[in-house]
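**Student:** The listed protein sequences derive, respectively, from chains S and H.
Residues 35 to 308 in our numbering are what the first sequence lists, from first letter to last.
Residues 3 to 226 in our numbering are what the second sequence lists, from first letter to last.
Possibly wrong hints are sitting among the right ones.
[Stated by the list, open to error] Listed next, the in silico DSS-like pairs over lysine-lysine satisfying Cα-Cα at most 27 Å (straight line):
#	chain 1	residue 1	chain 2	residue 2
1	H	Lys64	S	Lys103
2	H	Lys65	S	Lys97
3	S	Lys39	S	Lys97
4	H	Lys141	S	Lys39
5	S	Lys103	H	Lys65
6	H	Lys64	S	Lys39
No lab work stands behind these hints: they were computed from the structure.
Everything numeric in this text was worked out from a predicted model, so none of it was measured.
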Amino acid sequence: MEGSKRLSAIILAVVIALFLVSWIVKGLAISDSGAALWFSVRDAFFITLAAFLTLAILSFLYKDNPYYKFAEHLFVGVSAAYWMCVGFWSTIVGNLFPNISESLSGYFDVPYKGFNPFYFIPLILGIMLLMRLSARAGWMSRWALAWIVGTTSGLNLIRYLRTDFISQVSNTFVPLLVDWKGVGPFFSDLSLSASGQFTMTLANWVIFVGVFTGLIYFFFSKEHKGFFGAASRVGIWVLMITFGASFGYTVMGRVSLLVGRLTYLFRDWLGLIS
Amino acid sequence: MRRTVPLTITFIVGTGLILSVFFPPFETVGEDFSLFFDIIAVFAFFLGGGNLLRVHGTRIQKKRRDWGYSFITVAGFFLMLAAGLFKLWNPGGITADVTAPGSLFQLMYNWVFNPLGATMYALLAFYVASASYRAFRAKNSDATILLVAAFIILLGRTPLGFYATSWIPDSFSLLQIPNLAIWVMTSPNLAGQRAIMIGIALGVVSMSLRLILGVERTHLGVEE
Numbered sequence: 035m036e037g038s039k040r041l042s043a044i045i046l047a048v049v050i051a052l053f054l055v056s057w058i059v060k061g062l063a064i065s066d067s068g069a070a071l072w073f074s075v076r077d078a079f080f081i082t083l084a085a086f087l088t089l090a091i092l093s094f095l096y097k098d099n100p101y102y103k104f105a106e107h108l109f110v111g112v113s114a115a116y117w118m119c120v121g122f123w124s125t126i127v128g129n130l131f132p133n134i135s136e137s138l139s140g141y142f143d144v145p146y147k148g149f150n151p152f153y154f155i156p157l158i159l160g161i162m163l164l165m166r167l168s169a170r171a172g173w174m175s176r177w178a179l180a181w182i183v184g185t186t187s188g189l190n191l192i193r194y195l196r197t198d199f200i201s202q203v204s205n206t207f208v209p210l211l212v213d214w215k216g217v218g219p220f221f222s223d224l225s226l227s228a229s230g231q232f233t234m235t236l237a238n239w240v241i242f243v244g245v246f247t248g249l250i251y252f253f254f255s256k257e258h259k260g261f262f263g264a265a266s267r268v269g270i271w272v273l274m275i276t277f278g279a280s281f282g283y284t285v286m287g288r289v290s291l292l293v294g295r296l297t298y299l300f301r302d303w304l305g306l307i308s
Numbered sequence: 003m004r005r006t007v008p009l010t011i012t013f014i015v016g017t018g019l020i021l022s023v024f025f026p027p028f029e030t031v032g033e034d035f036s037l038f039f040d041i042i043a044v045f046a047f048f049l050g051g052g053n054l055l056r057v058h059g060t061r062i063q064k065k066r067r068d069w070g071y072s073f074i075t076v077a078g079f080f081l082m083l084a085a086g087l088f089k090l091w092n093p094g095g096i097t098a099d100v101t102a103p104g105s106l107f108q109l110m111y112n113w114v115f116n117p118l119g120a121t122m123y124a125l126l127a128f129y130v131a132s133a134s135y136r137a138f139r140a141k142n143s144d145a146t147i148l149l150v151a152a153f154i155i156l157l158g159r160t161p162l163g164f165y166a167t168s169w170i171p172d173s174f175s176l177l178q179i180p181n182l183a184i185w186v187m188t189s190p191n192l193a194g195q196r197a198i199m200i201g202i203a204l205g206v207v208s209m210s211l212r213l214i215l216g217v218e219r220t221h222l223g224v225e226e
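All chains, please: the whole structure from these sequences, using the hints.
**Tutor:** If you want it as structure tokens, here you go:
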């Protein structure tokens, strides 16, 4: 136990020493490029900090450790404050103050839009939402929550009906014979060209049949047997292709983020690659 | 009072927003309600911050296990909050944009928040690779289809996919991996996504109606 603590202390000392060395070396490199002393010190500190935080997160690949926990807890605190600040400046200062107070609008230098008493509704409901932190007055937050739920429901009901239901159903009814000029030309020009007539026609068939069979798979009020079962089976294949494609995209997205972080470490911090 | 008022608010707001779509003179009501929603949502961020302080403050006060990490959370929170609310180091002062270049808020976003967030997600690349090893075993026809689709997408976006099938003639260009990847994305993938979206839309519509009409009350908590 004592040996483990000593080892941890040695590792911490090495990490701090490396941080200081990196800060100094990076600062000297930046000042060589002609930057003022203050900017060299500041930028070198932040570049080193970002690199060490990146390494701290990546250290989780070995196992859970104090450096990862440090970075993780820092991220939680910083991100909570970040969204609070963005919300305050963009919505409270940008939308609320210009409608309720001329003096506050003037102080924050935002254009005053005139007094609108209705804007006290969200202000009061917002303060009521904060009552959630109180054990005795916590029930008051339900009024604000009710507004959030009502707005979300009202907006989503129309939005989803329009964009995700009506337009998607409408777009599914596509021509099943694309650029049709007769049976003869169709077979004489038959090819697997990516922009050819056959490929376009096949794509539309796949979309039409795929959507219907996919929906049949999600219809659980009737037993999946016979023709209905066969259609449901095709629906599963379509959904499997969708999941596979989504999986492939997710892998690529994550790997590109990793490449971005490695590029930062080897180019921006260490300067090993140009 | 504690349940009837929230249910009435939900009904009035939800119905008002739906009706505003059908009656053009009330169109602005819908816009105002949405704006009110945004303002209340900001208070939800404040609530989140307050709750974070309460949880971690209690851990620090009672010196519970790993309370030192809670101190890091609280310190990071206050530093970022001060940088954002008071616009520390902001060249334009309190009236300038909060994300102005050179401000402490912008520096902390660029060098703390952004690297931490990006690395957290980048870390998932390794776990996705581990998951794909288990998922990408062609144990049955469904898993094989998933494997082939993912493989086509991955190969289609890399130079390897292009070079491996660039010899295929134009009359069969659909079989070239990059073209095949595009076709998979715009045909079977689109069909599957569309079926899922239609299902989700129907679910959202029915749940919205249940909430507006007060049939669904679980968000209000248990009866007291």
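**Student:** If a hint holds in the structure, say so; if it doesn't, say that too.
**Tutor:** Consistency of the hints with the structure:
no. : hint                : verdict
1   : Lys64/H to Lys103/S : holds (20 Å)
2   : Lys65/H to Lys97/S  : holds (25 Å)
3   : Lys39/S to Lys97/S  : holds (17 Å)
4   : Lys141/H to Lys39/S : violated (48 Å)
5   : Lys103/S to Lys65/H : holds (17 Å)
6   : Lys64/H to Lys39/S  : holds (23 Å)
Going through the hint list in order, the structure does not satisfy hint 4, though it satisfies all others.
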